Each structure stands twice: as C-alpha cells, then as structure tokens.
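Trainee: Sequence:
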Amino acid sequence: MPIPEDVTGDEIDKDVRQELLSLPKGLAEDVAKNLVMVAQLIDEDPERAYGYSKVALRLASRVAAVREAAGFAAYANQKYSEALAEFRAARRMTGNVELWPVMADCERGLGRPEKALDMAGAPEVHKLDKAGQVEMRLVAAGARRDMDQLDAAIVTLQSPELASNSVQPWTARLRYAYADALLAAGREGEAREWFAKAVEADKDGSTDASDRLAEMDGVEFMDALVEDDDEDGVEDGLLVDEDHDTDTDTDTDTDTDAGAGDDDGPADVDDADVVVVADDDKD
1089 MPIPEDVTGD EIDKDVRQEL LSLPKGLAED VAKNLVMVAQ LIDEDPERAY
1139 GYSKVALRLA SRVAAVREAA GFAAYANQKY SEALAEFRAA RRMTGNVELW
1189 PVMADCERGL GRPEKALDMA GAPEVHKLDK AGQVEMRLVA AGARRDMDQL
1239 DAAIVTLQSP ELASNSVQPW TARLRYAYAD ALLAAGREGE AREWFAKAVE
1289 ADKDGSTDAS DRLAEMDGVE FMDALVEDDD EDGVEDGLLV DEDHDTDTDT
1339 DTDTDTDAGA GDDDGPADVD DADVVVVADD DKD
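Per my numbering, the sequence shown starts with residue 1089, numbered consecutively.
These are computed hints drawn from the structure, not numbers from a lab.
In this text the structure is predicted, and so the values were computed from the model without any measurement.
Hints may be right or wrong, so weigh each one.
[Stated by the list, open to error] Below, in silico cross-link-like pairs of lysine-lysine (DSSO-like), each with a Cα-Cα straight-line distance of 27 angstroms or less:
1) Lys1203 - Lys1102
2) Lys1218 - Lys1291
3) Lys1203 - Lys1215
4) Lys1142 - Lys1102
5) Lys1113 - Lys1167
6) Lys1142 - Lys1113
7) Lys1121 - Lys1102
8) Lys1218 - Lys1203
9) Lys1291 - Lys1113
10) Lys1121 - Lys1167
11) Lys1142 - Lys1121
12) Lys1102 - Lys1113
13) Lys1142 - Lys1167
Full structure from sequences and hints, please.
Mentor: Below you can see the structure in the form of structure tokens.
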C-alpha cells in the first residue's frame, strides 16, 4: 500500500522503535512507516488502517508492537475474533496486562459477556494502572447491560473515580456510561445530572454527552435554509426548541445519533490507546 513521502517512520514511539531494532534496518523502516499509517488512519479511516496493519504483520509478525497494532486495527473494524488473537499474541510476547480490558471487550463483541465478566474478576485486573482499572469497569458494566442486568451495571460503575471531582482522562467516559445506564433503567432525573457532569469533564469531545443532554431537554439541532421574501440571504444552523411554534415551513435534518461516546457497546479504539506515534511529552 502506498505511503506518503512525508512519512519517515521516525514518528513512532521510542519504545516501538526499540522493538524494531531486532529487524534489519531496511525492514525496520518499512514496518515503522506502516505502523505510523495505522496510527494516523485508525480513527478516520479504520479500513485503510487495517490494510497497513496487515502489511506490517506480514513483514514482522514476531514483533509485539506489530501484533498489538494489528489487534487495534482489527478491533476498529469490528473483527473481534482476529483482534483478540492478535492481543493475546502481543500479551504472550510481552507479559504485560495492559491489553486485558480491550481483550475482555472483544469477548463482548463476540457475544460472550459472561467471559468478559470472568476477566473483570481475574487477578490480572489488580495489575492494571488506574486508567486500565477504570476501563475494565466500563467493560464490565457494558457486559452487565448486554445481559440486561441494568441495576448491576449501575452498581458496577459506582466507584471512587466516579464520585471524584478531579477530572482525569477517563472521567467524561465514566460519567457518560453511568448516565447512559441510569437512563436505560428509567432514572431520567439522575441521568440528566450525570450527562451534565460528563459535559463538564469532556473537554475534547470524546463523548456526545452535550447532544444527549440537549435531547433530554427537548432541544433539537437542525440545519435549515429559511428564505426571506424581503431580504436576500439565508439562515442556517438554527437551534430550535421542539416545543416552540413556528409558521415557517422548512426541511430539517435532526442529529440525534449517539456517536462514539456510547459505552453500551464495545469501546471505540480511542478508548484503548494505540501507542505507536511518539509523544514529545512522554518520559
């Protein structure tokens, strides 16, 4: 697959670069470039990212970082069986447990929520860092919802991390999942409160909490073209309250999709960090 000229392979994380030192120099460069493409495309074009991951896998299947990247690319394309196999391979190579939550989520994707719950209670969970433990809690709650155990899902999400006023990278998604579970259980007043709290924590738009909150408040976002007989011009992007009466007939396109922040299904790839591209702030 073609790789842009401005991609050199040097963009990858230093730990991944270290892994690639076991390969011949030319091969290592080719693998690195394909891994960079996976990282760059996995959110906007997961199908292409998957293609680049297969190239990297063909070139260096014995490198753990390659197996991990291939796993995330398969996961982004809902190829859960393939993703699980790659994650397991990467874990065997490294001995790390950081992939445990996303492996459990693959079990959910394969229709095996009971297996995901078994993994949530495994000793490996205690070896996860705080972010990993929160992710595991989200997966476990999702598994409970898969099994129509709404009250259990709510209890699963109740934790010190949820109650904390401190905003961490996982805070918005945790509050969102809790609000969504409350809403599914018919506890609308509490759900609205927690969607509002999710909005407060969601500085980078990782959830659609603001849209869900607006929907609960009876507000619709519409694209409209309103012709004025007396003036030339248009109005668009109107914010309209559904209870407001208007005499203007317009065609509207209402956006009420849940989007990527929905924790009722398997987590998005954003939720499980693909650490391939170097971070200048990383120690």
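Trainee: Which numbered conditions among the earlier hints are violated in the structure presented, ordered from lowest to highest?
Mentor: Of the numbered hints, 1, 5 and 9 do not hold.
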